[in-house]
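Produce the complete structure using the sequences and hints provided.
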Amino acid sequence: MNNSFEGPMPNMAKLGSLNTLYLSHNRFSDEIKDDAFDGMKSLKKVYLARNKFMGKIPKSLAALPKLMELNLEVFYLADKQLEGRIPKSLSQMNSSSFVGNKDPCGLPLDPCKSSRKNYIVIIIILAIAVVALAAMGVFLYKRGRRLQKTKSKMAQEIKAYKNSGGAAEAYDVDRKEAQSPDLPGEYEKDLLRASAEVLGSESFGSSYKAVLLSGPAMVVKRFRQMNKVGKGEFHDHMRRLGSLSHPNVLPLVAFYYTKEEKLLISDLVQNGSLACHLHARRAPGQPGLDWPTRLKIIKGVARGLAYLHREFPNLILPHGHLESSNVLLDHTFMPLLSDFALVPVVNKEHAQQYMAAYKSPEFTQRDRTAQKTDVWCLGILILELLTGKFPVNYLKHGNGANADLASWVNSVVREEWTGEVFDIDMKGAKNSEEEMLKLLKIGMCCCEWDVDRRWELREALEKIEDLKERDNEDDNYSSNVSEGDMYSSRGMT
1 MNNSFEGPMP NMAKLGSLNT LYLSHNRFSD EIKDDAFDGM KSLKKVYLAR NKFMGKIPKS
61 LAALPKLMEL NLEVFYLADK QLEGRIPKSL SQMNSSSFVG NKDPCGLPLD PCKSSRKNYI
121 VIIIILAIAV VALAAMGVFL YKRGRRLQKT KSKMAQEIKA YKNSGGAAEA YDVDRKEAQS
181 PDLPGEYEKD LLRASAEVLG SESFGSSYKA VLLSGPAMVV KRFRQMNKVG KGEFHDHMRR
241 LGSLSHPNVL PLVAFYYTKE EKLLISDLVQ NGSLACHLHA RRAPGQPGLD WPTRLKIIKG
301 VARGLAYLHR EFPNLILPHG HLESSNVLLD HTFMPLLSDF ALVPVVNKEH AQQYMAAYKS
361 PEFTQRDRTA QKTDVWCLGI LILELLTGKF PVNYLKHGNG ANADLASWVN SVVREEWTGE
421 VFDIDMKGAK NSEEEMLKLL KIGMCCCEWD VDRRWELREA LEKIEDLKER DNEDDNYSSN
481 VSEGDMYSSR GMT
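Numbering (UniProt numbering), first residue to last: 1 to 493.
Don't read these hints as lab results, they were simulated from the structure. Even for Gly, the Cβ is constructed at its ideal location relative to N, Cα and C. Errors might be hidden in some of the hints.
Here are the in silico distance ranges between beta carbons for each label pair [stated by the list, open to error]: (1) 239 with 271: 20 to 30 Å; (2) 331 with 224: 30 to 40 Å; (3) 19 with 431: 37 to 47 Å; (4) 14 with 224: 19 to 29 Å; (5) 270 with 459: 26 to 36 Å; (6) 261 with 368: 23 to 33 Å; (7) 209 with 247: 18 to 28 Å; (8) 7 with 216: 43 to 53 Å.
Taking lysine-lysine and the DSS-like style, the derived pairs with C-alpha atoms no more than 30 Å apart in a straight line are [said to hold, decoys possible]: (9) 389 with 296; (10) 259 with 209; (11) 468 with 209; (12) 427 with 299; (13) 228 with 430; (14) 56 with 209; (15) 299 with 59; (16) 348 with 41; (17) 59 with 296; (18) 45 with 33; (19) 296 with 259; (20) 59 with 14; (21) 59 with 41; (22) 45 with 56; (23) 59 with 209; (24) 44 with 468; (25) 259 with 299; (26) 41 with 14; (27) 259 with 348; (28) 45 with 209; (29) 468 with 14; (30) 14 with 45; (31) 33 with 44.
This is the structure:
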């Protein structure tokens with residue numbers, strides 16, 4: 001800041017671990033390239049005020065993981081010549097962030113004026129939805145309708161529906177059929193009018209919210225890191241996922257297969273992820289999660305995880321990617337596990353780079369995983385839930401970050417094992433401290449580095465089920481917690 005640097009904005013894309021970018025009060029000019037922020041997945045703060053940039057707000061800025069998770073703390077674009085529609089992911093920023101620019105529009109500023117460009121943008125968005133067009137026919141089945149079979153090959157059905165047990169059955173078609181489904185007129189119009197909204201860009205691909213006039217909102221997840229799995233293997237595994245039915249598991253409604261990419265369709269869970277409720281900036285006066293709600297969430301998570309382990313006894317990682325961003329909450333804060341059991345169909349290299357299970361100590365040290373690896377992920381989630389601290393190492397990719405994550409697990413209690421360890425939003429919980437400490441002990445036992453010493457999921461579930469909203473002196477599970485116990489999970493077995 002406050003230098004006299006000139007010329008175009010420097011290439012920062014290789015600084016993948018950069019958290020904050022201060023370039024304010026300089027003389028940088030020209031357009032900011034659309035890919036200027038590609039790969040900067042750790043970026044939280046961007047200061048670009050008082051420069052001479054021009055053109056549109058770069059698309060890569062709106063695709064940053066921190067931004068999409070609403071963990072972006074500061075973004076200031078004032079006094080530059082940037083123009084065009086403000087990306088939806090920046091709509092919650094303060095309007096002062098865009099003061100002095102040439103002609104930005106959209107929330108939080110005035111709406112953009114209708115123009116031919118607007119229609120072009122709409123057409124582009126709808127074009128993205130075309131890939132999911134055939135799979136979206138599943139929505140009609142949710143109202144008991146069936147698509148009619150036509151005479152041509154183009155009329156092959158895409159069927160997906162939920163039976164009385166909540167399970168889903170899905171059929172896919174190849175790209176040619178998906179682009180030109182021969183549908184009855186009323187259904188075709190409904191599909192073509194469906195709106196598609198980008199929800200986020202994740203490690204596995206992009207997510208879209210799709211809304212039909214005749215049905216509820218759905219989420220279409222686009223995966224490109226499954227191109228090494230065959231069609232038959234993919235079909236079998238997706239149908240197996242579609243047959244699952246549990247109150248704490250988000251059911252798969254339908255799927256779509258091509259060689260280049262795959263789509264998974266599920267219901268939209270309106271209340272967002274646990275990560276958002278724990279870490280996103282809240283409006284003034286908006287309460288955080290209290291102890292009873294967090295206890296309800298972790299009990300549901302443990303039950304859902306246990307169900308997956310029962311249903312997939314032969315999988316080494318029945319979940320494989322358990323983290324707060326993959327725990328969705330309904331309007332009653334009932335948790336729903338998502339992105340589970342994908343290890344068999346995700347490219348191995350990509351899975352090891354991004355999935356939570358591969359941050360575990362057993363993979364870091366011995367390049368292996370076990371069913372207890374899911375228990376380790378559960379322990380991390382418990383500590384995150386209790387402390388309100390985000391395990392930032394999940395944002396780092398590759399094996400280099402794992403030692404730091406394990407250090408965080410051990411130090412969070414060692415450094416602050418007194419009442420300061422718990423999230424401030426739970427400070428109002430009366431007569432609950434002992435129950436909260438019990439859950440903290442459970443989390444540490446689940447995070448035991450030695451896999452042989454680590455608790456079985458069955459044992460962790462039993463202890464979690466025993467927890468109550470308020471302390472009870474008659475509990476069979478000891479509530480006496482010593483400082484020594486808090487320092488090491490080895491003393492808790």
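Status of each hint after checking the structure:
| no. | hint | in the structure |
| --- | --- | --- |
| 1 | 239 with 271: 20 to 30 Å | 28 Å, holds |
| 2 | 331 with 224: 30 to 40 Å | 32 Å, holds |
| 3 | 19 with 431: 37 to 47 Å | 40 Å, holds |
| 4 | 14 with 224: 19 to 29 Å | 22 Å, holds |
| 5 | 270 with 459: 26 to 36 Å | 34 Å, holds |
| 6 | 261 with 368: 23 to 33 Å | 30 Å, holds |
| 7 | 209 with 247: 18 to 28 Å | 23 Å, holds |
| 8 | 7 with 216: 43 to 53 Å | 51 Å, holds |
| 9 | 389 with 296 | 19 Å, holds |
| 10 | 259 with 209 | 23 Å, holds |
| 11 | 468 with 209 | 37 Å, violated |
| 12 | 427 with 299 | 20 Å, holds |
| 13 | 228 with 430 | 53 Å, violated |
| 14 | 56 with 209 | 25 Å, holds |
| 15 | 299 with 59 | 39 Å, violated |
| 16 | 348 with 41 | 21 Å, holds |
| 17 | 59 with 296 | 38 Å, violated |
| 18 | 45 with 33 | 18 Å, holds |
| 19 | 296 with 259 | 41 Å, violated |
| 20 | 59 with 14 | 17 Å, holds |
| 21 | 59 with 41 | 14 Å, holds |
| 22 | 45 with 56 | 19 Å, holds |
| 23 | 59 with 209 | 19 Å, holds |
| 24 | 44 with 468 | 37 Å, violated |
| 25 | 259 with 299 | 39 Å, violated |
| 26 | 41 with 14 | 11 Å, holds |
| 27 | 259 with 348 | 17 Å, holds |
| 28 | 45 with 209 | 27 Å, holds |
| 29 | 468 with 14 | 48 Å, violated |
| 30 | 14 with 45 | 17 Å, holds |
| 31 | 33 with 44 | 19 Å, holds |
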